[in-house]
Amino acid sequence: MAISSKAKKASPEPDIGRETRLELYRLQLELRYCEKRAYDLFLQNLIKGTSHLSLGQEAIAAAFGVAMRPDDWTFCTYRGHAHTLARGASMEGVLGELMGRQCGLLGGKGGSMHLTDVAKGAMGSYAIIGAHLPIAAGAAWSAQYRGTKQVAVCFFGDGTTNIGAFHEALNFSVVWKLPVVFVCENNLYMEYTPISAVTAVPRPAADRAAAYGLPAIDVDGNDADEMYLTAMAAIEKARDGGGPSLIEARTYRHSGHSRADPAKYRPEGELEQWLKRDPVVTYRERLLKLGFNDPTLKDIETEVHRKVDAATATAKASALPLIADIEKNVWADGSAAWRN
Amino acid sequence: MAELTYRDAVAAGIAQEMARDESVVFLGEDVAAAGGVFKATVGLLDKFGPLRVRDCPISEQAILGAAMGAAMTGLKPIAEIMFSDFLAVCWDIVANEMAKMRYMTDGQVTMPVVIRTANGSGSRFGAQHSQALENWAMMIPGLKVVAPAFPADVKGLLAAAVRDPNPVLFFEQKSLYPMKGEVPDGEYVDELGKAKVLRHGKDCTIVALASMVHRSLDAAAILEKEHGISATVVDVRSLVPLDTQTILGEVAKTGRLFTVEENPRLCGWGAEIASIVADECFWSLDGPILRITTPHIPLPAADLLEDNTIPSIERIVREIREKMD
Numbered sequence: 001m002a003i004s005s006k007a008k009k010a011s012p013e014p015d016i017g018r019e020t021r022l023e024l025y026r027l028q029l030e031l032r033y034c035e036k037r038a039y040d041l042f043l044q045n046l047i048k049g050t051s052h053l054s055l056g057q058e059a060i061a062a063a064f065g066v067a068m069r070p071d072d073w074t075f076c077t078y079r080g081h082a083h084t085l086a087r088g089a090s091m092e093g094v095l096g097e098l099m100g101r102q103c104g105l106l107g108g109k110g111g112s113m114h115l116t117d118v119a120k121g122a123m124g125s126y127a128i129i130g131a132h133l134p135i136a137a138g139a140a141w142s143a144q145y146r147g148t149k150q151v152a153v154c155f156f157g158d159g160t161t162n163i164g165a166f167h168e169a170l171n172f173s174v175v176w177k178l179p180v181v182f183v184c185e186n187n188l189y190m191e192y193t194p195i196s197a198v199t200a201v202p203r204p205a206a207d208r209a210a211a212y213g214l215p216a217i218d219v220d221g222n223d224a225d226e227m228y229l230t231a232m233a234a235i236e237k238a239r240d241g242g243g244p245s246l247i248e249a250r251t252y253r254h255s256g257h258s259r260a261d262p263a264k265y266r267p268e269g270e271l272e273q274w275l276k277r278d279p280v281v282t283y284r285e286r287l288l289k290l291g292f293n294d295p296t297l298k299d300i301e302t303e304v305h306r307k308v309d310a311a312t313a314t315a316k317a318s319a320l321p322l323i324a325d326i327e328k329n330v331w332a333d334g335s336a337a338w339r340n
Numbered sequence: 341m342a343e344l345t346y347r348d349a350v351a352a353g354i355a356q357e358m359a360r361d362e363s364v365v366f367l368g369e370d371v372a373a374a375g376g377v378f379k380a381t382v383g384l385l386d387k388f389g390p391l392r393v394r395d396c397p398i399s400e401q402a403i404l405g406a407a408m409g410a411a412m413t414g415l416k417p418i419a420e421i422m423f424s425d426f427l428a429v430c431w432d433i434v435a436n437e438m439a440k441m442r443y444m445t446d447g448q449v450t451m452p453v454v455i456r457t458a459n460g461s462g463s464r465f466g467a468q469h470s471q472a473l474e475n476w477a478m479m480i481p482g483l484k485v486v487a488p489a490f491p492a493d494v495k496g497l498l499a500a501a502v503r504d505p506n507p508v509l510f511f512e513q514k515s516l517y518p519m520k521g522e523v524p525d526g527e528y529v530d531e532l533g534k535a536k537v538l539r540h541g542k543d544c545t546i547v548a549l550a551s552m553v554h555r556s557l558d559a560a561a562i563l564e565k566e567h568g569i570s571a572t573v574v575d576v577r578s579l580v581p582l583d584t585q586t587i588l589g590e591v592a593k594t595g596r597l598f599t600v601e602e603n604p605r606l607c608g609w610g611a612e613i614a615s616i617v618a619d620e621c622f623w624s625l626d627g628p629i630l631r632i633t634t635p636h637i638p639l640p641a642a643d644l645l646e647d648n649t650i651p652s653i654e655r656i657v658r659e660i661r662e663k664m665d
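Residue numbers (our numbering), protein chains in the order written: chain P, 1 to 340; chain A, 341 to 665.
If we strip away everything but chain A, and leave its shape as in the complex, we get (with noise of 0.2 Å):
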């Protein structure tokens, strides 16, 4: 095992699929000479050459639209899109054309690529540099959508998406990239579609994602401490495909279900989690289904402003306290 940064997990899982699989290449803006704006890219271009590691116009479209088909005609391309929000500009392509290409064609279009981008808060950039956008995704038939939360996950999702033969959202969490984790050692490949139970509890189950994580994690530590309330903490990692089993099983458990969401309020995947929990498992819930999400609203910038937005560790103590009461 090996410390690395979130930020050098992300430069780490490309090498390591780049090292192993020449039709593997990597496109971008600025992340090729400059590694990168959240410098996650450090290194790859000196490693693999300009040929495999290639910096982009400010052209989004062009940019997915590019690997799109070169997917489609035998590469494996991993794109970047600097900011998540970005991603309005060149949905089209991802919501139109690379989800639905394979289906439209009854199979005979395979659509090996990932599209890896910088999501969320913390960062006080505002409204339209900060958005948690995974939802966006998650409804479009035809995508696959991760968002690691530790520096190990980026690493070892990053390669399964990677190897993956369908469109994969990697969404990284950027206020996440200065954060420290053990990485294991050597070729290391996870798997889409599995949820990790972080913490194990006998009076509530919190269902989180990326940064949302580790702010459960800790909520359920003070909750334990000072409030004799025991929860489990499950993160999700992956949206689509959506691990249910894991998750049903531990509500089943606890009785109670709580999703943290960095995401505004409507049709968050907590919205969907809480729709199958209360579908399936009805009969075990000893309580109502909690939301802790974003409010409906664009994000602020100011500090002060943003911190009392997304979802802050006292706010998930306080809600699930008041509501296990």
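Okay, chain P solo, but in the shape it has when bound (with noise of 0.2 Å):
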């Protein structure tokens, strides 16, 4: 698969059909929209614990929410609302997870770095950086060994390219040659630090795919038609049997890492910048120019916020969840008995 970012970004490509586009607007307006509200409840208490916010990021997820099979995989990290919300989970069941209602995804019990729907394919958030890498190769070799031409999606940060076992599951997909594609979303920071001060190379994915004998593909990750036309040549090549990628997207997360993080850090101006390169403001705007009317847009924009302000109230609505619960659902019989 050889990927020329440069020549996609002169003009988008033909072959995305109005349907498409219209898709990819809404699902980044769908996620967009939904992250602002839970920064919102955020500031009202009524989500506790910490989050970390995909605004600025929502592009590389929504488009590969688009081009993905609904029986496909996700996995993605703790920043993983948006992967999450993608795949279409319900949108009160991830805010009633953040606010610890029982209409929850995970009835409470995951949080906001554990989202996972799996009926959806959203096949969990990870916490601990670099671990679910080989957990989506081995999603990938169990549709290989059935043939099931199923594909594994798996998102993470710049900061994950510098852990172990992003190494091992590169190295693990390409032998087996598993139909797993990598997505680096390079927000420029790990955590706090910017990437470039702790990585051998400038390119923290795209550099290191030669070793694992994969071209470098390096993207532009706020720009919802290129990552959708990268997502469905990697999704392909996976499906047919062609083995693994590794997606380097650059984007930028306009708030900080977590909700403790007030992204001080940042060099004046470095936020500026980029917003002026908001992946949903600036597909809008290709899309006018595209000759999508205004009014249409303005549709889908009104019909997202009724949609989050109806998951709100839903959410809000929601019970607390049952401290009888608590100890339900360590085995697989539904009980937590260790002893007899």
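These are calculated hints, taken from the structure and not from any lab test.
Remember, it's a predicted structure, so these values are computed and weren't measured experimentally.
C-beta: ideal position from N, C-alpha, C; glycine also.
Each hint can be trusted.
Pairs of lysine-lysine, DSS-like flavour, derived with a Cα cap of 30 Å:
no., chain 1, residue 1, chain 2, residue 2
1, A, Lys534, P, Lys328
2, P, Lys36, P, Lys48
3, A, Lys387, A, Lys520
4, P, Lys177, A, Lys387
5, P, Lys36, P, Lys120
6, A, Lys593, A, Lys663
7, P, Lys149, A, Lys387
8, A, Lys663, A, Lys565
9, A, Lys520, A, Lys565
10, A, Lys379, P, Lys177
11, P, Lys316, P, Lys36
12, A, Lys565, A, Lys593
Some residues of chain A that are not near chain P, with every Cβ distance over 10 Å (derived):
no., residue
13, Gly375
14, His469
15, Val537
16, Gly595
17, Asp647
Ranges between beta-carbon positions, derived for each pair:
no., chain 1, residue 1, chain 2, residue 2, range
18, A, Pro638, P, Ala211, 33 to 39 Å
19, A, Ile637, P, Leu275, 56 to 62 Å
20, P, Ile163, A, Asp558, 44 to 50 Å
Each of the two chains sits in its own frame; use the hints to bring them together as a complex.
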């Protein structure tokens, strides 16, 4: 798969249909509005614990969400609200989980960092850096072994490229030619530290690809069209037995690493520069240039706002989890029994 | 009944389950073409082919991660970690991921995975290839922990572990691999969470695991013959689930409890059993509980040093005799 990001940047590929583009826009909006709502609910103290927002990075999760088959699998990180929603997990399930309500995807047991919706192929959000790369490889192995043509897509940050599990998973997946797509969202910072300050190569994922016999794929993660075409190509390669891909998507998170981080380490003006390249705003501008009607886009925006409001209301109204369920579901039989 | 070695019982157990269920797959380092560094998986590659029996790079996180991802999506993997000591390099996958995934997702995920590993002393390999690490696993909610002492238990408990829909850490005691024993013919499946009473006595109850079971049996014979002390010996077999009913019942009959543990002293499995017995069977006790363990040190390599570190038959006899006086 040869991806030339420069060629695509000049003008959007013509083979992305009208409906797909609207879907990409709608999904980005859902991720954006829902994430903003999560932030608001924090400020209202309705969401406790920590949370890692994807504001600014939505194009990547949205593009894959549109490109993936319903029975494909997503594995993502603790910054995974967007990736889970992008697979079709219910918004009230996500917001409810963040708020610790019964309607939450995990009944309040997992919280923000572990969003999972197996029925939708969202196979977990993993809060230990790197862990889910080999796990995604294992799911891909299962698909390969059973001949189901399913593909596993694994999202992670730039910081992950410096942990051992990244390298183990890449080597393993290439050797076994597994149908897995590794997607590095390079948002320039590993937590509070610039990734460039702690990484031996300029492009943390793309420059490592050669070590595993893979082509360097370096794309604009703020361009939903480019991400979509990249996703389609990598998924197709995996589905056709061509083995894994490693994609580096350049992007930027608009907020800090987590709730606790005001992101003061960013140089002055950097955020402003990236806000000019906000994936949601620039996509809207592109759609208008391509001849989409403003009222059509406004209708979508209104619908998504309503959806977020409705999900918020449902989550707020949902009961708190039952204390009686604390010892439920350790084992497959539903119990927590360790002795007779 | 056929006589099999402990190591052949491993291959027999895996083969039985792979023949029965196509979703059972097996992966690890040197396990396929080489048949395992302990020769415990010889013949599986020939029997089941390279798609089901797979050699892996030295990438323990990838091995267990792959096993986990496969287990979450319909397979029943058996993963080998060559030496239990190496679990430390992939402990995140074991302790943070496999064990907790079902609970954290409130039951969305099922994790039918078995991790087999060669555990324990006796081979003079020193402190990074000889540890008895069952306790590491026992303290993690969401893991089942099995450590067989006999070839029949290896086959039967391994089969039960494969059929269990939860993650099971299966500790094979490497010094027992050459040991021979009767193994039932045909399909044989045991039950996890059942201790076995191997010897009935009236004066004290010895509770042991894996290689310490054999030493405890030998010690019990000497105690009876030379010192007139009649000991019950219980093989725990499974630390999680723990068969407390059998243990409590046997301790209540004799009034005394001794645990014999290969692990270093602190937080050994015997401490949990001592605590349960003290809580629930205190008024049946006729004297203090004694834990016989390895001292709280890294394991030395030289045979003289290793032999004087791990509880020996002589030490078990001596400590029980002194405590019973």
